[in-house]
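S.K.: Sequence:
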Amino acid sequence: MGLNDVICEDGEWSQPPTCQDMTCPPPPEIHDGRIRGAKQQRYLPGDRVRYQCSQGLSLFGFPMVKCTEGKWSVSPVCKEAAGKCGYPPAVDNGDIMVFPQKEYEPGSKVEYKCQRFYRMNGSASVSCESGQWTDPPVCLEPCTTSPEVMEKNNIRLRWRTEMKLYSESGDFIEFDCKNGYVRNPSSSAFRVQCVEGKLAYPKCT
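So the sequence shown is numbered by the numbering used here: it starts at 1 and just counts up by one.
Everything labelled a hint here was simulated from the structure, so no lab data went into it. For every residue, glycine included, the Cβ atom is placed at its ideal position computed from N, Cα and C. Keep in mind that a hint or two might mislead.
As the list claims (entries may be wrong) - In silico DSS-like pairs for lysine-lysine, Cα to Cα no more than 30 Å straight-line: (1) K79 with K113; (2) K152 with K109; (3) K152 with K113; (4) K152 with K102; (5) K178 with K109; (6) K84 with K109; (7) K203 with K178.
As the list claims (entries may be wrong) - Now the in silico label distances, taken between C-beta atoms and shown as ranges: (8) A124 with E9: 43 to 49 Å; (9) D10 with R183: 21 to 27 Å; (10) G11 with P185: 31 to 37 Å; (11) E103 with D32: 46 to 52 Å; (12) V195 with E103: 23 to 29 Å; (13) N121 with F99: 20 to 26 Å; (14) E29 with G107: 29 to 35 Å; (15) F99 with C19: 24 to 30 Å; (16) Q41 with Y181: 43 to 49 Å; (17) P45 with D5: 18 to 24 Å; (18) R116 with R158: 20 to 26 Å; (19) S108 with L44: 29 to 35 Å.
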């Protein structure tokens with residue numbers, strides 16, 4: 001926690017940052033249910049785990065939990081509901097196209113839409129099958145082009161007409177050196193792909 005840099009002032013260094021463990025332990029067990037896939041000892045921030053219920057039981061709550069700052073989101077519960085499904089699963093940075101209900105009949109479908117600039121990955125809808133929802137989509141985070149980082153790295157967008165601030169995950173962005181600067185030998189490529197909110201900015205000197 002704290003600033004990443006330390007500053008030398010009056011012969012002394014400022015307070016260095018501290019590193020805090022943000023990983024999560026294995027997700028909690030639920031009665032009459034289990035997580036899908038192999039369980040790990042530690043999970044990284046942003047990791048998701050999906051639960052499923054024992055045969056004949058329905059899952060109520062959000063079937064997928066997420067690791068955030070060392071803690072898991074609220075776990076679902078499994079109970080008997082004659083094949084019906086509870087609330088549709090939540091999607092980060094996405095919304096259900098209709099107002100959600102508490103219960104859905106088997107065979108019901110619910111559609112999702114990602115928020116602006118977020119790109120959908122997976123099926124746009126989920127179905128209620130034997131009391132369980134099928135896997136929901138993931139809304140991939142866009143990249144925000146930072147004028148401050150471009151100024152610091154002495155770069156600019158290659159195409160002056162392309163002054164958009166946001167780029168969808170998977171899109172490519174092309175940079176160029178500012179006038180009077182040349183490519184830094186250790187620089188990454190000048191054609192950069194947005195990968196779930198992250199950009200590897202090139203450098204000029």
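S.K.: Next, verify each hint and record whether it holds.
M.R.: Comparing the hints with the structure gives:
| no. | hint | in the structure |
| --- | --- | --- |
| 1 | K79 with K113 | holds (29 Å) |
| 2 | K152 with K109 | violated (49 Å) |
| 3 | K152 with K113 | violated (36 Å) |
| 4 | K152 with K102 | violated (51 Å) |
| 5 | K178 with K109 | violated (51 Å) |
| 6 | K84 with K109 | holds (12 Å) |
| 7 | K203 with K178 | holds (10 Å) |
| 8 | A124 with E9: 43 to 49 Å | violated (54 Å) |
| 9 | D10 with R183: 21 to 27 Å | violated (38 Å) |
| 10 | G11 with P185: 31 to 37 Å | holds (34 Å) |
| 11 | E103 with D32: 46 to 52 Å | violated (18 Å) |
| 12 | V195 with E103: 23 to 29 Å | violated (39 Å) |
| 13 | N121 with F99: 20 to 26 Å | holds (25 Å) |
| 14 | E29 with G107: 29 to 35 Å | holds (30 Å) |
| 15 | F99 with C19: 24 to 30 Å | violated (43 Å) |
| 16 | Q41 with Y181: 43 to 49 Å | holds (47 Å) |
| 17 | P45 with D5: 18 to 24 Å | holds (22 Å) |
| 18 | R116 with R158: 20 to 26 Å | holds (25 Å) |
| 19 | S108 with L44: 29 to 35 Å | holds (33 Å) |
Violated hints, listed in ascending order, are 2, 3, 4, 5, 8, 9, 11, 12 and 15; each of the other numbered hints is respected by the structure.
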